[in-house]
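There are 2 protein chains.
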Amino acid sequence: MIGRLNHVAIAVPDLEAASAQYRNTLGATVGAPQDEPDHGVTVVFIELPNTKIELLYPLGDESPINGFLEKNPSGGIHHICYEVDDILKARDHLLAEGARVLGSGEPKIGAHGKPVLFLHPKDFNGCLVELEQV
Amino acid sequence: MIGRLNHVAIAVPDLEAASAQYRNTLGATVGAPQDEPDHGVTVVFIELPNTKIELLYPLGDESPINGFLEKNPSGGIHHICYEVDDILKARDHLLAEGARVLGSGEPKIGAHGKPVLFLHPKDFNGCLVELEQV
Chain U
0 MIGRLNHVAI AVPDLEAASA QYRNTLGATV GAPQDEPDHG VTVVFIELPN
50 TKIELLYPLG DESPINGFLE KNPSGGIHHI CYEVDDILKA RDHLLAEGAR
100 VLGSGEPKIG AHGKPVLFLH PKDFNGCLVE LEQV
Chain S
0 MIGRLNHVAI AVPDLEAASA QYRNTLGATV GAPQDEPDHG VTVVFIELPN
50 TKIELLYPLG DESPINGFLE KNPSGGIHHI CYEVDDILKA RDHLLAEGAR
100 VLGSGEPKIG AHGKPVLFLH PKDFNGCLVE LEQV
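Going down the list, the protein sequences come from chains U and S. The opening residue of the first sequence carries number 0 in numbering that gives the first Met the number 0; numbering runs sequentially from there. The opening residue of the second sequence carries number 0 in numbering that gives the first Met the number 0; numbering runs sequentially from there.
A hint or two may mislead.
No distinction is drawn between identical chains; accordingly, a pair holds when it is met within one copy or between any pair of copies.
Under the rule of at most 30 Å between Cα atoms (straight-line distance), these lysine-lysine pairs were calculated in the DSS-like manner [to be verified]:
id, residue 1, residue 2
1, LYS51, LYS88
2, LYS107, LYS121
3, LYS51, LYS70
4, LYS107, LYS51
5, LYS88, LYS107
6, LYS51, LYS113
7, LYS70, LYS88
Because the hints were derived from the structure by calculation, they are not lab data.
Between the sequences and the hints, there should be enough to build the whole structure, so can you do that?
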């Protein structure tokens, strides 16, 4: 069911410093910051040859990243995103297997303009898993 | 400098259950467990079309994964691994940039039989970063 690893998301306490580090110290291709007000984050994508790293920084007081950075002041890996062909079919299969989908259970439109869902970390070895329909 | 994302490593409290979940619930291609006594882990590789997930389970009392699972009993993302062409050149560049290399600073042979190094998580947004020469 799952396809490519679309991205690994890393929450960072300083988006400019983290972008500069990936660009200069690690020599990667780093994009420009994009505000995603619907998700309460500003994101920077780092293009690797086979996948992406998504740097996440809080946007607004209600950002879901605020709590994560309070617990992890240096930052940390926030989630991983797997691609699926049909997100509703994937969701229904996972629900039938006993996995929990976060929020309303209906896909939202993610940072790439595609439908996404998040799965409960307790059901997936402590990892927050995003599914993105491609 | 960094190339492909070689793998994302997830520490799991039950290797058999996690393997079965990736195989059956998530429909991925899951390999057989491999003991890596030099690293104190048993690993299972999950082959995605563009990269791998490495499930990590402690092997022995001195396993570096024991402490992680004590702090994260459900498991969690343990590290990410970037490929580099020349690990000694990468190391020297990172040291010159002020990053810290864990252990002796000399590459060890990793789970794929290739030289690897680990970088200090505090220097990389709270992420443990492995570099693997390919």
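Now for the hints, and whether the structure bears them out:
1. Taking the shortest Cα distances, LYS51 and LYS88 sit within 30 Å of each other both inside one copy (25 Å) and across copies (24 Å).
2. For a Cα distance limit of 30 Å, the shortest separation of LYS107 from LYS121 inside one copy, 21 Å, qualifies, whereas the shortest one across copies, 33 Å, does not.
3. Taking the shortest alpha-carbon separations for LYS51 and LYS70, both the intra-copy value of 25 Å and the inter-copy value of 28 Å come in at or below 30 Å.
4. In this assembly of identical chains, the alpha carbons of LYS107 and LYS51 lie at most 30 Å apart whether taken from the same copy (20 Å) or from different copies (27 Å).
5. Taking the shortest alpha-carbon separations for LYS88 and LYS107, only the intra-copy value of 15 Å comes in at or below 30 Å, while the best inter-copy value is 43 Å.
6. Taking identical chains as interchangeable, the C-alpha atoms of LYS51 and LYS113 lie at most 30 Å apart whether they share a chain (16 Å) or sit on different chains (23 Å).
7. In this assembly of identical chains, LYS70 and LYS88 lie within 30 Å of each other by CA distance neither inside one copy nor across copies; the values are 34 Å within and 35 Å between.
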